[in-house]
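Q: Here are the chains, one letter per residue:
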Amino acid sequence: MLVGLVASTALALSACGGGTTGSSGESAGPGAKAAQGGTLQVLQNAAYSHLDPARGFDGGVNNFYRLIYRTLTTQGAAPGADGTKIVPDLATDTGKPSDGGKTWTFTLKDGLFFETGAPITSADVKWGVSRAWDPEIGIGSPYAKQLIEAPASYQGPYKSGDLSTIATPDAKTIVFHLKKPFADFGSVVAQNTFTPVPKGQGAGNQLDSKPISSGPYKLAEYKPGASLKLVRNDKWDKKTDDVRTANPEAFQWTFGLDPATIDERMIAGQGTDADAIAGTIQAASVARIQTPQLKQRTMTGINGCTTYMGLNTTKKPLDNVKVRQAINLAINKQTVRDADGGSALAEIGTSIQPPTVAGRVDYDPYPSPDHKGDVEGARKLLTDAGFASGFTMTLDTRAQPKMQAMAVAIQQALEPLKITVKINTIDTATYYEVIGTTSQQHDAAITGWCPDWPSGATFLPPLFDGRNITTKGNTNLSQLNDAGVNAKIDEISKLTDVQAANAAYGELDKQIMALAPVVPLLYEKVLMLVGSNIGGAYLHDGFSGGIDLVSVGLKDAGK
Amino acid sequence: MLKKDKGALACLAFLAIVVLMAVAAPLITKLSGWGPYQFDSAATNSDLGGVPHGALGGISGSHWFGVEPQNGRDLFARIVYGARVSITISLSATLLTGILGVVLGMLAGFYRGWVDQVISRLMDFLMAFPALIFMIAILSSLPAGNRPVLLVVVISAFGWPYLARVIRGQTMTLANREFVEAARASGAKGTQVVFREILPNLRGSIVVMTTLAIPGYIGTEAGLSFLGVGVSPPTASWGQMIASSVSWYSVDPMFFAIPGAFLFLTVLSLTVLGDKIRTMVDQGVAA
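Chains S and G supply the protein sequences, listed in that same order.
Mind the numbering: the first sequence is residues 0 to 558 in numbering that gives the first Met the number 0, read in order.
Mind the numbering: the second sequence is residues 0 to 286 in numbering that gives the first Met the number 0, read in order.
I should point out that these hints are in silico values taken from the structure, not numbers from a laboratory.
Keep in mind that this is a model prediction, so the values were computed, not measured.
Every residue, glycine too, gets a C-beta built ideally from N, C-alpha and C.
Hints may be right or wrong, so weigh each one.
Covered stretches of chain G, as calculated for chain S (at least 3 residues, CB under 8 Å) [as the list claims (entries may be wrong)]: (1) 3-14; (2) 47-57; (3) 67-81; (4) 147-154; (5) 237-249.
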């Protein structure tokens, strides 16, 4: 998924790999055991995009959905790699393949109910999944649509009725027929679109204003853009759920707070803010949280996304691989990182896939001392390519101070090569639409990508498969259409062993970087301050490094 | 008279420095050793989010005013180049509003009738607008293009009626004076009367109004840059520096204090000086 969606919600800037610094495990830190009960506060800048599980799709909202929705499988609830392991949720196992991986069968557990008291049946799961084909509703996770066989004209249950390729032989069994074998389908059914919705419900905007809960909490009050309150769903049975601890009695969100205000409140930690969690702090606050007391309340880890600069290979002179390699060599990633907030808020990126992706290889194809850029090497490449006298290129960037600062750092790094970078600032709201429209994008753009689950399958094909280039909503920003890369993607998708596939994606990463269609810049980090009464908190690798909401709680619920 | 006033002299001296900085910016930065866009990673602490090393925001022998947090750009160089932006934009805007205000004000005041009606209603219309809000709206909807020119045009479009209204009133009184009648009687045409007879008599008012307008425009430019619709990065601008210093106020107060002080002193000096000129003109008229 696009990192921009993630960055738009404050909590969302997080995904993976996060161990906690300070004293996790000790009784004082945020990792301490949480008690049952109490109201946990969440301070957030941007509200969640959608409450409808078929619509929302970014690290922050995915994390939130686990409080109110359950899916057939889900990611584990633990720090580190255990958090990205797929475990059964509504289903009794992670699925039984047959027909060579083309047909997948899941069986539901006993004792599952919606908040209304109605039992959750396989028909409800099917109804929920088939909503993904509705052109207005199915704007979230694309995987159900991409993988499950369906008539070309199918437009969701409200318009087209029953979907024949998902069978429900009885109330407990659901069978999916895929377009082609897919080894990792057990991970796919953890996507939001596999949330059960009572058959016949959820048309239009119904779920965006009033979700029908299958998880441990239900919506009590919702003021869009201002606040949201969840309370315990007493129809949820802990015995059916091995993943969610669901400690607090209620969750209270406050939206629309200024990031600087959030930092001030979290640093002060007064009143109910002691029971609060919030998103990543601003660069300016990093120096202020260095006291031992505040360090104890700090959590950090990388967010599992890659921030990169895409180079449009259809534009001259970026169609020349040597020019792209020269740019890769010349960029001073130290200054880019400083623009983003320094070493506390980002690590320097060298490969396309971030460290949290399984099978990723740590390598640096365009090395330079301290990542400060190798101007001489770049100049040599440019001279070979016939551009010793430089050229002018336009860099698209979002109208956001951090992004603009990164663009200026890149502009500065390329100046000695006589490459004049014109910065084209685009409004945040329309940024991804503009750069995803091939006729409107310029020579380069700064953007990011987060894996939908930590595997190369959700990282490299969406960004570099030449057959995925579309005139609108394009994610292959470099418009790379390389026969070798395309063939390799096909080859890997045929592998039935998930681990072998991940390792192959690690090699594909190298193969793509030899063509230099992008400049990997940073792996951003989450760095958050939690209230002093927060316990059970750890950063979840699957949710852009956000605090796992189904496990966090209050140390003293009576406060 | 100006010589006896120490305050006014100090203001004049400060303005002279600012103008000199603006004019000789490339020379000055060559002397100080750092360009306005040059990064200095060594001057900031990456591990602490990019806070400048050293006290007072990294003030040292090599960075005279310290550095910007995160990227380590030299504040002195950015102040010097920021003066360029402030001075160019405010002077151009003053010139444009001066021309528009004087010409339209005189025409309205001299010809009366439908000319006056059209111009006066246009002035009422523009003055009734919440100017700042419209400037933000217009500037954020316009394509990137040449920002400084756009700023001048937008600021002037909303600024000229204030001058034009005063000029119109004065023209109305002047139009009934004997020397105008005399010029008319000796056969002078309308435009001749306006530009040969009336304009020279408006000199005092024009000088006073425009000097007092310059600090206003400097403030407006800084305000618009502060709000993110001014000149686009990486161009240095005082308003933009103040905007980015806001989140750093508690860890690096100098980042706010330095551009803030320059903006404050420039506006103050111009206002004080404008006031002095008005006094002088008034006394001159009385004498």
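Q: According to a criterion of three or more residues whose C-beta lies within less than 8 Å of a C-beta of chain S, is the region 237-249 of chain G covered?
A: Held - the region 237-249 of chain G has 5 residues with a Cβ nearer than 8 Å to chain S, which meets the minimum of three.
Q: Go check the region 67-81 of chain G versus chain S for me, would you? Three or more residues, Cβ under 8 Å, otherwise it fails.
A: holds (count 4)
Q: Mind checking, does the region 3-14 of chain G have 3 or more residues with a CB under 8 Å from chain S?
A: With 0 residues in contact (Cβ-Cβ under 8 Å with chain S), the coverage given for the region 3-14 of chain G is violated.
Q: If you look at each residue in the region 147-154 of chain G, do at least three have a Cβ nearer than 8 Å to any Cβ of chain S?
A: Coverage by chain S is violated for the region 147-154 of chain G (0 residues, Cβ < 8 Å).
Q: Using a Cβ cutoff of 8 Å, are there at least 3 residues of the region 47-57 of chain G near chain S, or does the coverage claim fail?
A: holds (count 4)
When the structure is compared with the earlier hints, violations turn up for hints 1, 4 and for no others.
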